[in-house]
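Novice: Here the protein sequences come in this chain order: A and B.
Numbered according to numbering that gives the first Met the number 0, the first sequence spans residues 0 to 168.
Numbered according to numbering that gives the first Met the number 0, the second sequence spans residues 0 to 193.
Mixed in with the good hints, there may be bad ones.
Derived SDA-like pairs (lysine to any residue); straight-line CA-CA distance at most 20 Å [said to hold, decoys possible]: (1) Lys69/B - Glu16/A; (2) Lys69/B - Asp163/A; (3) Lys77/A - Lys69/B; (4) Lys69/B - Asn159/A; (5) Lys145/A - Lys170/B; (6) Lys170/B - Asn159/A; (7) Lys156/A - Lys170/B; (8) Lys145/A - Asn187/B.
FYI, nobody ran anything at the bench for these hints, they're computed from the structure.
Here are the chains, one letter per residue:
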Amino acid sequence: MNLGHGGNGQSIVLTGEMYKEISEILSELASKTRARTIIFSDMNGHAITQRGVTGEIDISAMSALAAGGFSATAEIAKIIGEKKQFKFIFHEGEKNNVYFSNVGDNFLLVLIFSSQTALGMIRIYTKRAIDALTELLSSANEEEKKASQFVNFDFNKYLNEELDKAFNL
Amino acid sequence: MFINWAQQEITLKIVYYGPGLSGKTTNLRYIYSHIDPSSRSELITLNTKEDRTLFFDFLQLEVGKIMGKKPRFNLYTVPGQVYYAHSRRIILSGVDGIVFVADSQRERMEDNLNTLLDLEQNLITMGKTLANMPFVLQFNKSDLPNTTNFNILQQRLNFYRAPQFKSVATKGIGVFETLKMIINQVVNHIQSHA
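Turn these sequences into a full structure, and let the hints guide you.
Specialist: Given below as structure tokens:
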């Protein structure tokens, strides 16, 4: 139920219920648009969840690049005197197209779909999903689960053992 | 920071900051090539034709599950060149911890100081400051003959008394030590502040 924006609104804590509802909205969007892949991430480049075929796609890298690209485009909007950021970014490829749109100020939706698919249809269903996601995310109440509950002191100890293993220290 | 309770995932964002050519990308390249491929993503580099960082580099690391929880670390570098100020600000968004890679060579002291100032100014616009965020200093290229004396480097650059390491990123000296320290700083910060 809760989506917490800790600190200065940039830390995101997503609880189970909220995650489930987001997943349902994305599943609906996937079945309506038949998009090949759908990625939901935050504007800081953290992947949250995905739908569809993701085998060959590095989702974490894709989210980082999508967020970077979207932020860069938002700066372009500012430079040319737009009051808000662009509503979407569209890339047209030979086989695949990619459609990026923001969900509120903090989130990003990426659809990868066949270049045969009509863009108008993608736009309509994506708009509906964005409205549903925006409403869901804004209904989050304030009793957020704290990040500190996620990482307790034992976590720290075992993390260091794992880091030493991974880093050969 | 992103926490997903349903999936028991925590993702932290660590940014390598520093003047141009101080070795930020070299740190990431070394990490990339010396870690098990199953524990990392591909290294994404957005470069100019001259192989300088244009926008950012990105590398995600994963370690094994810890008490059922999956920690991930998203490592970014910023472009060091002065005129990419906007890109640096974009990449700092949502940062959990910062590694400042300083160039130990004598002639780069001014560049180190200016970039540190640029970092602090960018953090202030985001309502943060170096004084109260996870921060590690790395004095890179410490094997070169023309380096500033270590005590002077510390005095002039480490005014917040952050953990610090001498490094030679091309050879991996100090690279993983720095990374382990910043991850620890971030986790400790979450435990005491979040």
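Novice: Report the numbers of all earlier hints that the structure fails to satisfy, in ascending order.
Specialist: Those not satisfied are hints 3, 5, 6 and 7.
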